[in-house]
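Asks: This is what each chain is made of:
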Amino acid sequence: MFWSYKAVSILTFNNQLIAVILEPSLYTVKAVLILDNDGERLYAKYYDGTYPSVKEQKAFEKNIFSKTHRTDSEIALLEGLTVVYKSNIDLFFYVIGSSHENELMLMAVLNCLFDSLSQMLRKNVERRALLENMEGLFLAVDEIVDGGVILESDPQQVVHRVALRVSKGLSPPLPSSPQKVLFTQPSGP
Amino acid sequence: MIKKFDKKDEESGSGSNPFQHLEKSAVLQEARIFNETPINPRRCLHILTKIIYLLNQGEHFGTMEATEAFFAMTRLFQSNDQTLRRMCYLTIKEMANISEDVIIVTSSLTKDMTGKEDVYRGPAIRALCRITDTTMLQAIERYMKQAIVDKVPSVSSSALVSSLHMVKMSYDVVKRWVNEAQEAASSDNIMVQYHALGLLYHLRKNDRLAVSKMLNKFTKSGLKSPFAYCMLIRIASKLLEETEAGHDSPLFDFIESCLRNKHEMVVYEAASAIVHMPNCTARELAPAVSVLQLFCSSPKAALRYAAVRTLNKVAMKHPSAVTACNLDLENLITDSNRSIATLAITTLLKTGSESSVDRLMKQISSFVSEISDEFKVVVVQAISALCQKYPRKHSVMMNFLSNMLRDDGGFEYKRAIVDCIISIIEENPESKETGLAHLCEFIEDCEHTVLATKILHLLGKEGPRTPSPSKYIRFIFNRVVLESEAVRAAAVSALAKFGAQNDDLLPSVLVLMQRCMMDSDDEVRDRATFYMNVLQQKQKALNAAYIFNGENTHCAPSLNLRALVELTRLSVSSVPLANTPITEQKTEFAPVATSKLPEKPGPTRQDIYQEQLAAIPEFQGLGSLFKTSEAVQLTEAETEYVVRCVKHTFARHMVFQFDCTNTLNDQLLQKVMVQMEPSEAYEVLHYVPAANLPYSQPGSCYSLVRLPEDDPTAVSCTFSCTLKYLVKDCDPNTGEPDDDGYDDEYVLEDLEVTVADHIQKVLKPNFAAAWDEVGDDFEKEETFALASVRTLDEAVGNIISFLGMQPCERSDKVPENKNSHILFLAGVFRGGHDVLVRSRLALADGVTMQVTVRSSDETVVDIILASVG
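Line by line, the protein sequences give chains L and U. Residue 132 in UniProt numbering sits at position 132 of the first sequence, and the numbers go up by one each step. Residue 753 in UniProt numbering sits at position 753 of the second sequence, and the numbers go up by one each step.
Misleading hints may appear alongside valid ones.
[Stated by the list, open to error] Lysine to aspartate or glutamate pairs mimicking EDC-like chemistry, simulated, CA-CA at most 20 Å apart: (1) U/Lys-168 to L/Asp-154; (2) U/Lys-213 to L/Glu-74; (3) U/Lys-300 to L/Glu-74; (4) U/Lys-454 to U/Glu-427; (5) L/Lys-62 to U/Glu-256; (6) U/Lys-217 to U/Glu-256; (7) U/Lys-761 to U/Glu-809; (8) U/Lys-205 to U/Asp-248; (9) L/Lys-86 to U/Asp-335; (10) U/Lys-300 to L/Glu-23; (11) U/Lys-205 to L/Glu-23; (12) L/Lys-62 to U/Asp-373; (13) U/Lys-238 to L/Asp-72; (14) L/Lys-67 to U/Glu-483; (15) U/Lys-24 to L/Glu-132; (16) L/Lys-62 to U/Glu-370; (17) L/Lys-55 to U/Glu-59; (18) L/Lys-67 to U/Glu-59; (19) U/Lys-262 to L/Asp-154; (20) U/Lys-168 to L/Glu-132; (21) U/Lys-300 to L/Asp-72; (22) L/Lys-67 to U/Glu-370; (23) L/Lys-67 to U/Glu-427; (24) L/Lys-67 to U/Glu-412.
[What the hints assert, rightly or not] Computed from the model, here is a short list of chain L residues facing chain U with C-beta under 8 Å: (25) Glu-74; (26) Ile-75; (27) Ala-76; (28) Gly-80; (29) Leu-104; (30) Glu-132.
Hints in this document: simulated from the structure, not taken from any laboratory. Glycine is no exception: its CB is placed at the ideal position from the N, C-alpha and C atoms.
Please build the complete structure, drawing on both the sequences and the hints.
Replies: And the structure:
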């Protein structure tokens, strides 16, 4: 990746942090993850080189899942990173940032992602509905975070911009997903 | 397997994951329908989703197949289905790095970016900027400028964020969009504001004045976006830090005013910024601490976490500032989020009173197994700090730590515990035996080589001085039998120390050594043979030189070489070693020393300088670099030219390295050198100028000085320095210089050479042995009165920094409430003579100091005493 998050830390002899000067930057989010209740990756987007290979990413996801899936707390420090998370039925949503990052900013991203999906899936935020509307998820995340920068934090705006609308007419129903949920278009006709 | 799967399917209704068994090749095969006419948007959409899903799962696409799919996808631009088009943008971004010739979609994307459909424009900009390079960027520059100031927020935001991504790649192009970004910053949309501010800062961050102006403008105008406020706070606190402005600055006022913002995010950012500022007084901290205290009772876990984590940091520096929050923190101990509970407890440990320690420790042990290693380390650090504060509690702590040591945990965690126990042992002599016993137990079953060797080293150092050293021998020898090579070698060294210090243990140690000589590993055998021979001599001086202070891994590289030379000398000549076995062993001494060298971690700063200096022809033949000083500033921080000097000491010469930076963007300096006028008989032999010194690129020039040979006691000297150079004016934008220049000079501050520049620090782990080894042939003693010094601590600090020697036996720490103290210092004087200083200090009206100096050379003793007086 050609951009990366920079944090300058000054350490004392005891390794205690005495001063951390954050390089002011818009690069806030290191990764957005959605796992199912077996810890399997449904969606993962890493925005910097913290975990460069798929192998390292999967190991991190495994660690993150094992530390979070049994608790209903919403924040943790793992592998030196701040992880904010939320679970619903059989889905686990994670937003990951540097441990020096403002935790509330990460939380804003997580809430926006969850609320947008909740609207798009008509409050039916569970694994099956999500899998049937993967393109909606892809587009929503693309509207919320761009290359690690928070692009939008208002779920209304995100849903509006994703504006999912499947054109009718030529297309026959897909055999694999007979009862596909169609998204509502808030401003559409 | 299949049965189980079916069952699960039933549980979750029907059809689990439609993407479950996707085959990459099958999906790519399907992608051929992209070429069919008419385009079937739904099927194509589904296939694109599958491709992105596969990429997202980490599936690897070859360049060929990716390019093929990419080109097929470009045909889908003919369809007007919105979602399909949006998925095309995503595919372009995902494939930008794996497919070839992605730039062919440039015109399609440019069309969408400037078209009428607002839904397309933002995403099209982001996709376009992903595939564009510097040359193509200029072609779309006009559109980007328009997009940045577009009235549709999503378009403007997309353009700003994409510009930010491209700053690294094409700074010069993006920087021309500053005016547009400036306009966007006054947008009503909160995200546009935030993105514009971020871009503006990135474009201007190297120009402090511009940043300061920008802050001034935005802090006054009042932004709407909480994100933008957070960014402003960060920029402001960075500027405060850099300019070292006092806390009466308007920037500090701005940050403080953000504590009253209506958004929690901004309030927290401001509190955190204040807490992280260096040199904050308790009064300045108070408002920040009180908002954090409020957050402690928030229903939002993230906010409680953020608050308590920040309070924890405050407690490290200003525990008293946090005591007001003790009640709120106590409530958090039972928080369902274990991370919050742990942070609360560790904060309380730092702020609480001695009486609450036992209760808190009990509470921690109830859930220590449930928290992640990161937090366990935090807990251990808190305990470590606590032990320093309340030394009397060490038995409770030690007990707790030993229990933690028995639990499962990663390397970092175990290392933190071991470090903590070691520091307790060093601080409290009475805890030594229990501590060593716990560590002995730990290495019986320890998978971390680094920790095992560290503990063995400690046992070797401390064990022989305990009342019953024999009980440690068993633990150490067990390691020789059971462990890996590195641990065995460390165990052998530790054994040798017991043999050298305890005469009654010597026979049994020798027997064990003999067994180690049969070891399968070279290093272990070499060490055993070497120690065996040294121990058999039963000479105190030899023991001191080669067992206690021999394997000194902390010393400078040149000293290691010296040790090696001495080792060879030992084997060849004078020292009356036993006749028979030694002659055969001669050659083996060298390997012992050489094989120790690689233990040193990486090249040191001095090694790097040595290499750099060796590359300059004028400095050949100076010998090896003896010492490199810390950099000294010769200019104020905010001047036209910034010059720092690093002093390099060689056996008979000194090289002064001047690191210069030109901060004027309309000047190019050439033939830059620093002219030096010495106050003593120092002779400047050579100047090595820096040929060119363009704006903001640091360059170095050097001066070579010969130390006065006829008067070796002249160790200190003052040089007046002048920077001389040829100035060529140049265009600030292009850096193109004029042809003509003129000579100019700039007066720098004086440069001092002191006695510390001639002495290299050496740690002697056993000072008494080293003291005896050097002997009293050249011992001198003198008494001084330090009138201006009020405390022993201050006196000790002054002496150490003045002589530049290494304090040994932790004698740099003066115990509290004492009127006298002995400081032990060790070093090597330029030319390779050991110097040891014992300084007895007594506190009466001022501080009286009796200095005893020993060295292998008389001149050195005189120099030290003369310079102290």
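Asks: Which earlier hints turn out false for this structure, listed by number in ascending order?
Replies: 1, 2, 5, 8, 10, 13, 14, 18, 20 and 23
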